[in-house]
Structures are given as C-alpha cells and as structure tokens.
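Please build the complete structure, drawing on both the sequences and the hints.
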Amino acid sequence: MQNKTPPVKLSIIGFGAVGQGVAALVQKVPQLKVVAVADSKGVALMPDLEDVLARKKAGQPIANSDLTALDVIRTVAHDVVVEVTPTNVVDGEPGLTHVREALRSRRNVVTSNKGPLVVAFNELNKLARASGVALRYEATVGGAMPIINLIRDTLVGTRVLDIRGVLNGTCNYILTRMVEEGLDYDQVLSEAQDMGIAEADPTYDVTGIDTACKVVILANAFFGRKITFKDINVVGIERITLDALQLARQRGYVVKLIGDVKELSVSPKLISVRHPLNVSGTLNAASILTETAGEITVTGKGAGSVETASAVLGDVLSIIQQRH
Amino acid sequence: MRISMDLELRDTPGQLMHVLAPISNLGGNVTSILHHHDKKTARNTVPVSLVFEMDEQKLEELQQKLDENDVLIVRMGKMRLRTKTHVLLIGHIIHTDLRETIDAIDGTGFAEVQDLSLSMPAIDSPSSAFVTIMATGVEELKQSVEILKDIAQRKDLHVIEPIDDRGVAGG
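Chains A and B are the protein sequences, given in the same order. Under our numbering, the first residue of the first sequence carries the number 1, and numbering increases by one thereafter. Under our numbering, the first residue of the second sequence carries the number 1, and numbering increases by one thereafter.
Take every hint as true, because none was put in to throw you off.
With a cut-off of at most 25 angstroms between alpha-carbon atoms, the simulated DSS-like pairs for lysine-lysine come out as follows:
| # | chain 1 | residue 1 | chain 2 | residue 2 |
| --- | --- | --- | --- | --- |
| 1 | A | K33 | A | K57 |
| 2 | B | K149 | A | K262 |
| 3 | A | K9 | A | K41 |
| 4 | B | K149 | A | K230 |
| 5 | A | K262 | B | K142 |
Since the hints were derived computationally from the structure, they do not count as laboratory data.
Structure (structure tokens):
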C-alpha cells in the first residue's frame, strides 16, 4: 500500500512462539505498526521489534514501562489487539479478560488462543457485534490451515453439513510415527517431547482435549451451537497399541484422531489409507461436507510459530481490508 | 450352508418345537431365532426369523416336514451378507472371553464375524484385534457394531470404529 493512510496500530498480548512469529512477520508489513508488546512479565511500549525479539530470545526482560497488558488494552490508542497468550481451557484466563476488555474498548481482536472462545464463544461474539468491531480466530483451528475464513467467506454459497478432521499435530505425529517406525506409544511420545512436538505434560493433546476445543469453536461458529468443552464426547489416543496400528495397516487402514463437529465427538477412527484425511506427521486436515459443493478437504501445518502467525496476520489484514 | 428363513407360527404354545425338531433331526444347527411377537399378523400368527446351518441337500426334506407340521414358510434363502465393516479392539480380549464376544455378533442372525486377526504381546499387556464384521444390510451392520461396543464397554475393551463413510473415495 503506497498511499498516505496512517498505519494500523496493533498490540501483541502474549509473546511466546506465536507472538514472536507475529512480531517477526509484522516487521515486513509497512501498513502495520505495533504500539505495544506484552509478555507475562511486562510491557514494551512503542517497541523496536527487532530489539524485543532479540531480548526475548536471549531470555532478557522486554518491559520498558510500568503498564500491564490490561492497561495497554484499555488505555493505549490502537486498532487491533492480537491476543496470543497460552490457551487455558478451564477458565479461559488470562486471554478471556484480555479479549473481553479489548472488545469493550471497541478494539478489533485477532487471536490464536482457544481458551476464551471455548469458555465464552457466544458472549464474546455478541460483545464484538455490540461494539461494532471484529473478532477473528482463524489460527485457533488448524494453525496455518485455512478453515474458519474458508467456510465463512468462500463457502458462503452452500450449507455446511459437517466438518471433521485431524486437528492435532501432536497426536497425528505420534500415530504416524508409531506405525511407520514400528515404535510403541511411549517411545514415540518421548521422542516427540524431545523434538518439541509434544509438551512435557502431553495430557492436553493426547487425551483429545485440544481437538475437542477446536470442535467447540467450529460447532459454535458454524452450527449455531452454544456449547463448551463439557458437551464433547472425548476419547484420546493413549490406549492405542502398536499392534493395533500394524494390524490395521496390513489391511489398508490407519488410525487417526478425528474431531467430528456434527457429532460433537473426538475419538480415534479407522480410515482407509486412501482417505483424504490420511495426512502424515504433524499435518492437520479437515473435510467440510457441504450441501451442494460436495466434500472439500484442506490440509496444512497445524502448529509452528511462523505458520500460526501467518494465520493471525491474515486475520489482521482482512479486518483492515474490510474497513477500506 | 447358512440359511435364513422367515416363518409364521400359530400363536399357541409349543409351536416352535414343530420347527426346531425337524432341523435338529436333519443335522442342522440353529444360530439364531427371533420371535416377532410385536408384529403379529392379521391371521393371528407370529412371524419368526431363523438362521441355521444345514446341508443344502436336506433343505427340500426340511420344507416337507415343516409343511406337514403346518408351519408357513414365508421366505427362505441363503443368508447373504452384503455389508462389511472393520473394527479394532484393544484390551484384554482373550481373558475376557473372546468366544462370547464373537458369539454375540454371530448370534444376531443378521451379522457375523467374518475375520479376526489377533496380536498378543506379553501376558500382561493388552492384545489388539482387527475384526471384520459382515451383515445383511447397512442398518444390521450398524446394529452389530453397537452390540460389539456394548460388550466392549462391559469388558473394558477399547473399540476403534471406522470413520462414517460418506461416499468419499477410499472411505
């Protein structure tokens, strides 16, 4: 954009992998200006992004002010709050308060944080409408894989009947790797932990909670549901044996942890190796069953700093485009 | 050969013996009997569905005997299993009486376990099985998987079902 319109101002609330990815990408977009970056310890106002990124990597504090993240959201003049603090599915905090306050302050919100949406999806959407601002959350489901905006913007001409998919890269990595390498569950899990693909406490991923959160978000967004995590029937992958995967593979089947939005369920399912949802490694995939367009399947990277940040940036830019 | 037969019996006690005795006398083995008491006909008869194994050569003789016993044969044929699905089971499959688990499906009269591959590791570790079930129709297949799931829940076996086939390639 070469015109003289002033840059759009953002705050980045949360400075983990995704927040840092956003900061790195935003540097290359002249129409965006970051007015504040907040991590769990403090706030850098009017930051030099290169500098805060370097400090964060070196383990140094980034704060240059006494403000809190909430102060920034409430008082510093800006257009878009990028809320990328870690997901907390129990009470949605601290993200929920951040998002709520941002919307009340009539700021647009872009988030990759599932917590607030899982806990208070309908409340937050109502609040956004009442304030006349946008709440965008493409990055919450499938990372860089387009699904939410794809359904909302591109598939507007047809009715969506069901969405189901492989929505957790950690589980998919474990299941793929077990059968490809002939390793048992515990071996692959610790390998995944070493590689940073699985958390030290893998419960959130392997018991299906993360996938269930994504099902909640999709069900609320596209099926008019008013559900939370408790409404999903969840089975994880912890009981799956190498033997079972190998028996299935010999017959041309693989096991994938499938989230089904219509059924409100998460469970391991047998699928043919030729099935479009048979993606390997940490990839995500989703099949959208539509009334008149048949079945549409997308696949892409479900996690990763820059990948997820690209989905966040996409939401920010689409809000700006809609305004002009 | 596996035969399925739909009959109508008069709604008086002891009628079933007129059916079972001749089958037994001809060396047949009954797998399943379903009494449709709720579907009583206008003729005051009760429909009964029967599945049994019998030498094909003896079928004609069986029909004669049933005729003599005043049993109405509505339909008779080889049981055709048209639909198929696969299910994975994980857990203590053997210790929890595998035979009973299979019999529960075979005993329905509309479905059977066609194939079962079993993998047994160390004695205390859970076993895994890939089970192929065939049934006479789509509904029957669903019903037989539900039966299997009920048993599995009781025996603390983990069931992995196939993804619902929506006609996708390779589904």
